[in-house]
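Chain order of the listed sequences is W and F.
For the first sequence, the numbering used here begins at -12 and goes up steadily by one.
For the second sequence, the numbering used here begins at 191 and goes up steadily by one.
Worth flagging that the hints you see were computed from the coordinates, not collected in a lab.
Here the structure is a predicted model, which is why all the values come from computation and not from measurement.
Every residue gets a Cβ at the ideal spot worked out from N, C-alpha and C, and that includes glycine.
A few of these clues could be false.
[Unchecked claim] Incomplete in silico selection of chain F near chain W, CB under 10 Å:
{"id": "1", "residue": "236"}
{"id": "2", "residue": "240"}
{"id": "3", "residue": "258"}
{"id": "4", "residue": "261"}
{"id": "5", "residue": "268"}
{"id": "6", "residue": "271"}
{"id": "7", "residue": "274"}
[Said to hold, decoys possible] Have a look at the derived ranges for each label pair, beta carbon to beta carbon:
{"id": "8", "chain 1": "W", "residue 1": "186", "chain 2": "F", "residue 2": "192", "range": "45 to 51 Å"}
{"id": "9", "chain 1": "W", "residue 1": "58", "chain 2": "F", "residue 2": "201", "range": "40 to 46 Å"}
{"id": "10", "chain 1": "W", "residue 1": "18", "chain 2": "F", "residue 2": "236", "range": "42 to 48 Å"}
{"id": "11", "chain 1": "W", "residue 1": "24", "chain 2": "F", "residue 2": "194", "range": "34 to 40 Å"}
{"id": "12", "chain 1": "F", "residue 1": "208", "chain 2": "W", "residue 2": "-1", "range": "36 to 42 Å"}
{"id": "13", "chain 1": "W", "residue 1": "8", "chain 2": "F", "residue 2": "275", "range": "19 to 25 Å"}
{"id": "14", "chain 1": "F", "residue 1": "208", "chain 2": "W", "residue 2": "217", "range": "23 to 29 Å"}
Next come the chains, spelled out residue by residue.
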Amino acid sequence: MSINITGARILVSIPQFGGFMLTETVVTTWIVMALLVLACRFMTKNLEVHPTRKRQVIAEWIVTAVQNLVGDTMGKQYLNTWYVPLIGAMFALSAGCSLSSVVGAKAPTCDLSTVLGWAFFVFAIITYLKIRTNGPWGYVKGFAAPVVVMFPMNVISEVATPVSMALRHFGNIASGSVITTLIYGGLAGLSSMVLGLLPGAVGDFLSRIPLLSFGLPAVLSLYFDFFSSVLQAFIFCTLTMIYISGAADPGE
Amino acid sequence: MEETKLIAKAIVCGLSALGAGCGMSGGIGPGIGEGYAVGKALEAMARQPEMRGTLTTTMFMGCAVAETTGLYSLIIALILIFANPLIGQIG
């Protein structure tokens, strides 16, 4: 049993266009996106004023849940803005990407590039909102608060925002995948060692089957694949909401 | 010359593994901090059970933010093991 811990596999590599590479991450992300779009299309087909179909009830429940989340975290004045669909889409994509590891794909969020892209997207929104709220000069002046000497520190802390968001999401998912791989490898090695102690052909046969790999990985997978994935998606969205409402509110 | 390079590589690899292990001691801090946060949240929940939902959400948020420093050390350890930049610097 060999233990392989690698990054995303490169499926297609084209030397032109500045060394374009199609990795597993991109393919899985596009599949997840396509599935989400299909699910949205399916659930919002033939909408009625008084829902009779199950799918419309589910769709309305999802929309209400996201609205409640945004209303509770950011404040009631943001209920009918474009932040609600943004947060919903972000949560669905993040959770869907992380949950794709359940079906055996390598989670796209295991790749730092994916989450760094999302974090820079959030950073762009925050910066735009800050400039819109305070004006360009107010934005620059905000860095010099409370005293001018703090300017470099404020710039660093501003840049650290997307980096820490991306590293938090990536680190949680990647550490889960590394630990799962190590547990599988360790249990397989242990079972081949223990069962190899049995005498004769029976021990030889049994030692090739990683019998101890049953059970424990399923419990761990429940935590790392389901709980941690959804929790990280939730935390990413909550942080986004906090940053956005902090940037959109004019300072006292 | 070849042998010197090999020894240099061995030293760098060994010390990188040691550094990765030592670096993961950065996991101690978030562990203590999160345990403290969860304990306080439990105390609050015992005092006011009706605040359970809000407390749980806030606690998870706080835990996630407190976890960041531990994750930084994890990423440094991962870099040292899987994508070591120091090995490339040997001649």
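Evaluated hints:
no.: 1; hint: 236; verdict: violated, 23 Å
no.: 2; hint: 240; verdict: violated, 16 Å
no.: 3; hint: 258; verdict: holds, 5 Å
no.: 4; hint: 261; verdict: holds, 3 Å
no.: 5; hint: 268; verdict: holds, 7 Å
no.: 6; hint: 271; verdict: holds, 9 Å
no.: 7; hint: 274; verdict: violated, 14 Å
no.: 8; hint: W:186 - F:192: 45 to 51 Å; verdict: holds, 47 Å
no.: 9; hint: W:58 - F:201: 40 to 46 Å; verdict: violated, 58 Å
no.: 10; hint: W:18 - F:236: 42 to 48 Å; verdict: holds, 45 Å
no.: 11; hint: W:24 - F:194: 34 to 40 Å; verdict: violated, 58 Å
no.: 12; hint: F:208 - W:-1: 36 to 42 Å; verdict: holds, 39 Å
no.: 13; hint: W:8 - F:275: 19 to 25 Å; verdict: holds, 21 Å
no.: 14; hint: F:208 - W:217: 23 to 29 Å; verdict: violated, 36 Å
The earlier numbered hints that this structure contradicts are 1, 2, 7, 9, 11, 14.
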